[in-house]
Each structure stands twice: as structure tokens, then as C-alpha cells.
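Asker: For reference, the chains in residue letters:
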Amino acid sequence: MIQDMMISGPEDLFKVIPFARLLDLRLELAGNELTTHMPFAPHLIGNPMLPALHGGSLGAFLELTATAQLSVFETFDHIPKPVDVNIQYLRPGKPIDTYARARINRVGRTIANVEVWAWQEVREQPIATLQAHFLIG
Amino acid sequence: MSHRPFHESFALLVDNIPYMKAIGAYYVGRSGEGVSLGLPYRDDLVGDPQTRVIAGGVVTALLDHACGMAVWDGLDEFKPIATLDLRIDYMRPALPDRDLIVTARCYKLTRSVGFVRGFAYDERMDDPVAAAQSAFIISHPSLKAREIH
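Top to bottom, those sequences are chains A and B. The numbering used here applies: residue 1 is where the first sequence begins, and numbers increase by one. The numbering used here applies: residue 1 is where the second sequence begins, and numbers increase by one.
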């Protein structure tokens, strides 16, 4: 177990979270603008007949993107914990790479409100969006 | 052709799904409470290395899948379904080294939408780790074809 951990930036976060490594999540940071990337892998499939990505793989990607966005501005000694998440599935996830960006709507003393949208080929056509509250205190 | 109840193939609807295989989910069974799935604890599912608690996204995946299966249980036949939306409240961290269980029940089924409630827990269902509320869209491929022609 890691006793002391300082998360300073999204790169650190994706490195220390085992589940982010299982999903092979990557990111690109241009200034404070973060774009995350979930490369397609066959194990992300939820509907083998279409085929389409599993709602759960998209959900995890959106949630970890929100966490990564929070770490762009803030330094944490604990990883922010989700309190509640709301996911809308807008289009089937094709068996190709997925990208996401997040916007922090508010950071309070204990709670942060974050919004995330994920797309594949066209950024203006999101395949899923997420709104979430995180415990940051 | 023998007519086996649809729910007899429920284990296959977990075992044959690549993402469920990747996280190690298994089918538990169905009861009056709903359809249940389980997930053994694994180090690579962890979302917080300090506490060894599994990632919220893993809980989301298991809840999403169990909720979908609850719709199939309600339909009692296979129809293509897709998650419309999913809301999850995380009440407490899941205990490390314990199997996570989720139970979901479709409490209302209309022609095109299934409404589902689900809970994730490690010991007792009345002490949940997370609760889910979701809606699924149900496709009627034969009807769609008729509408097109």
C-alpha cells in the first residue's frame, strides 16, 4: 500500500490508478486544456453483435477523465472520490478510439461539480456525457 | 425445438461479454429482489492505491450490466437494449478483498423503455456501496423494418 501520495497533475493520476492502466488511458495536456484518450481494445466491448463499447467502459473513462481534470488545477493528497455520477448515452460507442474533455463547473471546499463529454470521430457529436460531484476535502 | 426459459442463458450474457470478462464479473442468479452479478476483488481494478478501494468505474460497469439484465428478466425474451442514462450514488467505499455483489430489478417496463433500480454491496444489500437508477431503450427490430417498408 502507498502511504504517502502526492498527486500533482493528471499524468501522475493515470499512472497511480491501476484501473486507469487496465483501460490503457492516455492524455494530452495543452496548457490547462486536457484531452483524454481511451484506445480501442477488444475487451472494452459490451455488445459483441454490433459491436459496441460497453456502457461501463465509457462510464469509467468519463469518470476518470473528470478526476484527471480536477488534478489539473489542484494538488491532492487523496484522489477525489465520486459522490454521484449521471451518465447519458447518446450514441453507440463504435469499436474505435474514444476521446474526452471535461469542464469544472464549481470547486467548493468539499465538493466539486464536473461535466465530461466523450466523442469518437466528430467532437461535435458526443457519444456520452457525464455530470458528477466529487468529494475533494 | 425445446423451449428453455430465457433466464437459463443469463450466465452466458455475462460470460460472453468481453468487458465483463475483462473485469472478472460472474452471474449469481435471480430472485424476487432481481438479477444478481458478482465481482471478485482484484488489484488491477483499484481506483485508489492508498485505500485499495476499487474504482468507481468498475462499480458503474457492474451496475450497468446488471440493470440491463434486469430489463431482459422483465422482458423474458432477448431484445436488443441500450442504456439511455444511468445515475449512480456512491454511499461508501467497497471493502478491499471482498466480492462486490450487485442486484438490479426492472420495476417498470413500457413498450420501449425499461426503468431499473440497482444496488451494489459487499456484505448486505441494506448496507449498499452504491445505488443506481437507470433507463434502457428497448429495440423492436421487426417493427422498425415494418415501419421502413
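Hints may be right or wrong, so weigh each one.
Said to hold, decoys possible - Among chain A residues calculated to face chain B with C-beta under 10 Å, some are:
1) Arg-26
2) Leu-29
3) Gly-31
4) Leu-44
5) Asn-47
6) Leu-50
7) Gly-56
8) Leu-64
9) Phe-73
10) Lys-81
11) Val-107
12) Gly-108
13) Leu-135
14) Ile-136
15) Gly-137
As the list claims (entries may be wrong) - Covered stretches of chain B (in silico footprint by chain A; criterion: 3 or more residues with CB under 8 Å from a CB of chain A, positions within the stretch not fixed):
16) 3 to 15
17) 74 to 86
18) 111 to 125
Honestly, the hints are just simulated from the structure, not real lab data. C-beta atoms are modelled at their ideal positions from N, C-alpha and C, and glycine is treated no differently.
Asker: Each hint needs a verdict: does it hold in this structure or not?
Answerer: Going through the hints against the structure:
A cut of 10 Å between beta carbons decides the hint on Arg-26/A: the least distance to chain B is about 16 Å, and the hint is violated. Evaluation of the Leu-29/A hint against chain B yields a violated restraint, the C-beta minimum of about 21 Å exceeding 10 Å. Against a cut-off of 10 Å between C-beta atoms, the interface hint on Gly-31/A is violated, since the closest Cβ of chain B lies about 27 Å away. Interface restraint check: Leu-44/A against chain B, minimum CB-CB distance 6 Å, threshold 10 Å, status holds.
The criterion of a C-beta within 10 Å of any C-beta in chain B is met by Asn-47/A, whose closest approach is roughly 8 Å, and the hint holds. Because the smallest distance between the Cβ of Leu-50/A and any Cβ of chain B comes to about 8 Å, under 10 Å, the interface hint for this residue holds. Given hint, Gly-56/A at the interface with chain B, holds; its Cβ is 2 Å from that chain's nearest Cβ, closer than 10 Å. Interface hint at Leu-64/A: satisfied, since its Cβ lies 6 Å from the closest Cβ of chain B, which is below the 10 Å cut-off.
Below 10 Å, beta-carbon pairs count as interface contacts, and Phe-73/A has none with chain B, the closest being about 20 Å; its hint is therefore violated. Hint on Lys-81/A holds. Least Cβ distance to chain B is approximately 7 Å, under the 10 Å limit. The beta carbon of Val-107/A comes no nearer than 19 Å to any beta carbon in chain B, farther than 10 Å, and the hint placing it at the interface is violated. At its closest, the beta carbon of Gly-108/A sits 18 Å from a beta carbon of chain B; the interface hint therefore is violated under the 10 Å criterion.
For Leu-135/A, the shortest C-beta to C-beta distance to chain B is roughly 9 Å, which falls under 10 Å, so the interface hint holds. For Ile-136/A, the interface hint is violated, since its Cβ never comes within 10 Å of a Cβ in chain B; the closest pair sits about 13 Å apart. For the restraint placing Gly-137/A at the interface with chain B, the shortest Cβ-Cβ distance is roughly 15 Å, beyond the 10 Å limit, so the hint is violated. Interface restraint, the segment 3 to 15 of chain B with chain A: violated (0 residues with C-beta to C-beta distance below 8 Å; minimum three).
Check result for the segment 74 to 86 of chain B against chain A: holds, 6 residues qualifying (beta carbon to beta carbon below 8 Å, three or more required). Counting residues of the segment 111 to 125 of chain B whose CB lies closer than 8 Å to any CB of chain A gives 0, which falls below the minimum of 3, so the coverage claim is violated.
Hint compliance for this structure: hints 1, 2, 3, 9, 11, 12, 14, 15, 16, 18 are not met, and every other hint is.
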